[in-house]
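Enquirer: What follows is the residue order along each chain.
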Amino acid sequence: MKKEDPDLLLFHAPLLRQDMTTPKAMRDVLYALLPATGASLWFFGLSAILVIGACIAGAVLAEWLFAGREARGRSLLDASGTLTGLLLGLTLPPGLPMWMAFLGGFVGISLGKVIWGGLGHNLFNPALLGRAFLLATFPIAMTTWVPAVATGGFFDVYPGNLALPFMQVQVDGVTAATPLGMLKFDQEVTPLANLAFGKVSGSLGETSGLLLLLGGVYLWLKRDLDWRIPVSILLTVMIFSAVLGLFDAARFPTPLFSVFSGGLLLGAIYMATDPVTSPVTPRGAWIFGIGVGVIVMLIRVFGGLPEGVMYAILLMNAATPLIDRYTQPRVFGRGVESE
Amino acid sequence: MKKNESYEEFIKGIWRDNPVFVQVLGMCPMLAVTNSAVNAIAMGLATFFVLVGSSFLVSSFRNWIPKQVRISCFIIIIATFVTVADYTLLALVPTVHKELGAFIPLIVANCMILGRQEAFASRYPTRLAVMDAMGMASGFMLALFSLGAIREILGDGALFGMNLFGTNFEPWIIMILPPGGFLTLGVILLFFNWFKLKKDEFLAEVAEAERSSR
Amino acid sequence: MTSARHTGTASPSSLRLVLTLAIAGLISGVAIIGIYESTLPTITANKARELREAVFKVLPAVSQMQALVHRDGELVAAEAVAKDEPVVYGGYDENGGFVGYAIPGAGPGFQDTIGLLYGYTPDQKLVVGMEVLESRETPGLGDKIYKDADFVAGFSALSIEPEITAVKSGTKSQPNEIDAITGATISSKAVVRIINETHADWTQRLPPPGAEPRLTETEPAGPEVER
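Residue numbers (numbering that gives the first Met the number 0), protein chains in the order written: chain A, 0 to 338; chain B, 0 to 213; chain C, 0 to 226.
Careful: at least some of the hints might be erroneous.
[Unchecked claim] Listed next, the stretches of chain C that the computed footprint assigns to chain B, with coverage defined by at least 3 CB atoms under 8 Å from CB atoms of chain B: (1) 17-25; (2) 106-112.
[Unchecked claim] For each label pair, taking beta carbons as the anchor points, the in silico distance ranges come out as: (3) A:Leu304 <-> C:Pro174: 27 to 35 Å; (4) A:Ile139 <-> B:Phe60: 53 to 61 Å; (5) A:Met166 <-> C:Gln203: 48 to 56 Å; (6) A:Val216 <-> C:Ala105: 49 to 57 Å; (7) B:Phe60 <-> A:Leu304: 51 to 59 Å; (8) B:Ala203 <-> A:Met166: 42 to 50 Å; (9) B:Phe181 <-> C:Asp122: 49 to 57 Å; (10) A:Val216 <-> B:Val186: 52 to 60 Å.
Hints were generated in silico from the structure; no laboratory data involved.
The beta carbon of each residue, even a glycine, is placed where N, CA and C say it ideally should be.
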């Protein structure tokens with residue numbers, strides 16, 4: 000057993016005196032997500048709490064269940080399970096049955112993190128892995144979007160949320176297409192102001208672009224985030240759509256529409272920057288970000304799906320070890336010519 | 000004693016040396032055709048027929064087959080049985096044959112079958128070889144069935160095509176798609192290894208307790 | 000002849016190796032021919048029955064059929080159809096009166112080739128039925144092109160002039176429109192595209208209404224078995 004306040008601390012180098020630990024970084028991300036989470040409550044009411052809560056419960060249960068005998072309970076303290084659950088919840092449609100959200104959180108942590116050996120060893124972002132699992136498993140429920148502003152008051156829950164475990168959604172609720180879906184399938188463009196403030200349908204956390212940016216700035220000020228990744232992703236996406244716009248402005252989305260629609264901000268700021276699954280070198284971060292941006296645009300513009308942020312980040316996650324390997328800086332004193 | 004021996008050869012293939020869960024052989028049909036219990040059983044039966052038939056022949060002729068050409072001979076024998084199984088299924092149950100598709104001819108490439116010929120049938124008397132083949136094939140069928148049943152129950156809400164949960168069941172579509180095969184197999188293997196670990200731990204504890212009590 | 004004998008090792012002669020393999024191959028060949036010959040009639044009958052059932056499904060009120068091929072500029076009844084020859088099936092009622100064509104078509108779907116058969120009555124210019132013969136579309140989504148009864152029923156009286164269009168579910172307003180399946184737009188559109196393309200292919204080759212080939216006395220053969 001470890002003492003709460005040990006007399007002698009043993010650490011390996013580097014011995015930095017700074018106030019940055021894993022639990023603290025995780026908590027910072029949680030704080031940064033608070034505005035966007037609050038917005039999801041504002042737009043979707045109690046349903047947001049139900050879906051996000053179910054995700055967190057699933058994630059934390061998996062974390063607790065698969066932890067070793069000694070680590071049980073302690074692994075919960077670093078808040079990484081809670082963060083995965085919250086991030087996953089923010090990517091889900093508001094009308095999703097709670098049992099599916101719970102399953103997503105559970106699978107995300109167990110297949111996305113624990114099975115690799117725990118925090119720091121996983122190849123893929125656990126929240127996105129959980130979402131990919133849900134999308135492949137329940138494609139219809141995961142692409143059924145409800146209108147942003149609930150018709151009733153705060154306590155009106157979307158009927159889908161309360162579906163019994165393993166059962167389908169019974170009642171046909173009102174559905175609404177996402178801005179990207181409308182652009183792809185109906186050639187309708189959503190006004191930019193709605194995108195920025197969140198008056199659109201979509202997943203819980205992706206609707207309000209400005210609040211997501213606000214959280215990103217907070218993280219950047221706290222030095223919890225490698226600014227190169229979101230900046231390179233967003234720049235790539237904007238340049239890509241600007242170039243496409245030169246060919247046919249009517250058919251392709253404008254740069255700002257591309258940035259503010261879908262889950263791009265949520266993914267670029269909070270998921271692509273996951274320190275475990277993104278490259279550690281500055282040059283690697285640029286490559287990673289550009290890769291994500293290009294894949295996102297390729298899927299959105301030329302693919303069969305309206306949105307591709309999730310697959311883009313997962314694919315680049317898989318490329319991260321390779322990027323890290325080829326962008327390692329030269330060790331001081333050893334040059335190219337020394338063999 | 001004699002009876003015990005052949006029983007031992009039979010039972011080892013089902014549990015202790017299960018070709019799928021322990022030896023991790025025959026993965027191709029394992030992952031490809033287990034999206035329903037019926038397909039899994041059909042594949043299991045076809046493999047059973049091929050494995051038992053070839054083990055019988057290989058063991059019977061083991062003294063006539065020269066060592067240098069044994070692999071070619073095994074393959075000829077296996078391929079013949081596979082072709083027989085292929086045409087028989089096509090004639091008798093065309094719907095099942097359509098589902099299994101290319102994976103019937105591919106039984107010939109199932110390394111479990113060639114492995115049993117090389118490792119067992121070509122070295123042991125016919126009776127033991129047949130018992131061993133039956134055990135291994137049953138173990139393979141058991142594995143196919145457990146995977147097929149899990150995937151059909153979750154992916155379709157049914158078992159052998161019979162609806163289990165009523166019409167409102169939300170199918171887990173991933174389970175009938177190829178990733179579902181990998182996921183299910185992975186979870187089962189996880190369970191087997193965990194079980195083995197616990198068993199070894201338990202045995203070690205017992206041994207420790209015995210030593211200290213002495 | 001063989002070096003093994005001279006060196007005195009126990010390895011058998013090449014002749015023996017060759018003979019062993021030859022005998023094994025011979026026995027195997029005989030066995031395979033045996034099983035092929037004995038199962039062929041059943042397999043052929045199965046295929047023919049499957050085809051008949053599909054034709055009767057897409058052409059209501061049909062009780063007899065024959066294979067028709069396009070040879071020398073006209074559509075004629077065929078006794079035997081070569082494997083790659085395009086073929087349509089003529090459906091006839093009990094008295095031998097012509098009802099419509101069952102036309103097979105194939106094309107790329109979401110996953111793999113979709114093969115289908117649709118019934119067409121030239122006098123009304125209507126598609127009267129559609130049956131998917133082979134597809135590997137996503138279970139639960141794309142496979143609704145044959146599992147969704149409403150979608151399949153949509154083909155029971157569908158105008159094909161100028162061509163079929165798939166529209167968003169619930170918005171069908173024209174006789175040549177069909178409601179696409181929600182969540183399986185790509186597969187539904189693939190089915191419609193296959194029918195349109197096949198139809199464009201055949202429409203020139205079909206005789207004017209009333210001049211269809213008569214039903215020949217003999218029951219026509221099914222398609223050639225592939226193996």
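Enquirer: Falls inside 49 to 57 Å, the C-beta gap from Val216 (chain A) to Ala105 (chain C)?
Expert: 56 Å, holds
Enquirer: Can the suggested window of 49 to 57 Å be confirmed for the beta-carbon pair Phe181 (chain B) and Asp122 (chain C)?
Expert: 53 Å, holds
Enquirer: Using the C-beta atoms of Val216 (chain A) and Val186 (chain B), is the stated range 52 to 60 Å upheld?
Expert: 42 Å, violated
Enquirer: Return holds or violated for the Cβ distance of Ala203 (chain B) and Met166 (chain A) against the range 42 to 50 Å.
Expert: Given about 45 Å between the Cβ atoms, the range holds.
Enquirer: Tell me if chain B covers the stretch 106-112 of chain C under the three-residue, 8 Å CB rule, please?
Expert: Since three or more residues must qualify, the claim that chain B covers the stretch 106-112 of chain C is violated, with 0 doing so at under 8 Å.
Enquirer: Kindly confirm whether 48 to 56 Å is satisfied by the beta carbon distance between Met166 (chain A) and Gln203 (chain C).
Expert: Once the Cβ atoms are compared, 52 Å apart, the range 48 to 56 Å for Gln203 (chain C) and Met166 (chain A) holds.
Enquirer: Quick check: does the Cβ-Cβ distance between Ile139 (chain A) and Phe60 (chain B) fall within 53 to 61 Å?
Expert: At 57 Å between Cβs, range holds.
Enquirer: How does the coverage statement for the stretch 17-25 of chain C fare against chain B, requiring three or more residues with Cβ below 8 Å from a Cβ of that chain?
Expert: With 4 residues closer than 8 Å to chain B, the stretch 17-25 of chain C meets the three-residue bar; holds.
Enquirer: Check the following: the C-beta atoms of Leu304 (chain A) and Pro174 (chain C) are separated by a distance inside 27 to 35 Å.
Expert: 33 Å, holds
Enquirer: Measuring from beta carbon to beta carbon, are Phe60 (chain B) and Leu304 (chain A) in 51 to 59 Å?
Expert: Once the Cβ atoms are compared, 57 Å apart, the range 51 to 59 Å for Leu304 (chain A) and Phe60 (chain B) holds.
In summary, the numbered hints that this structure violates are 2 and 10.
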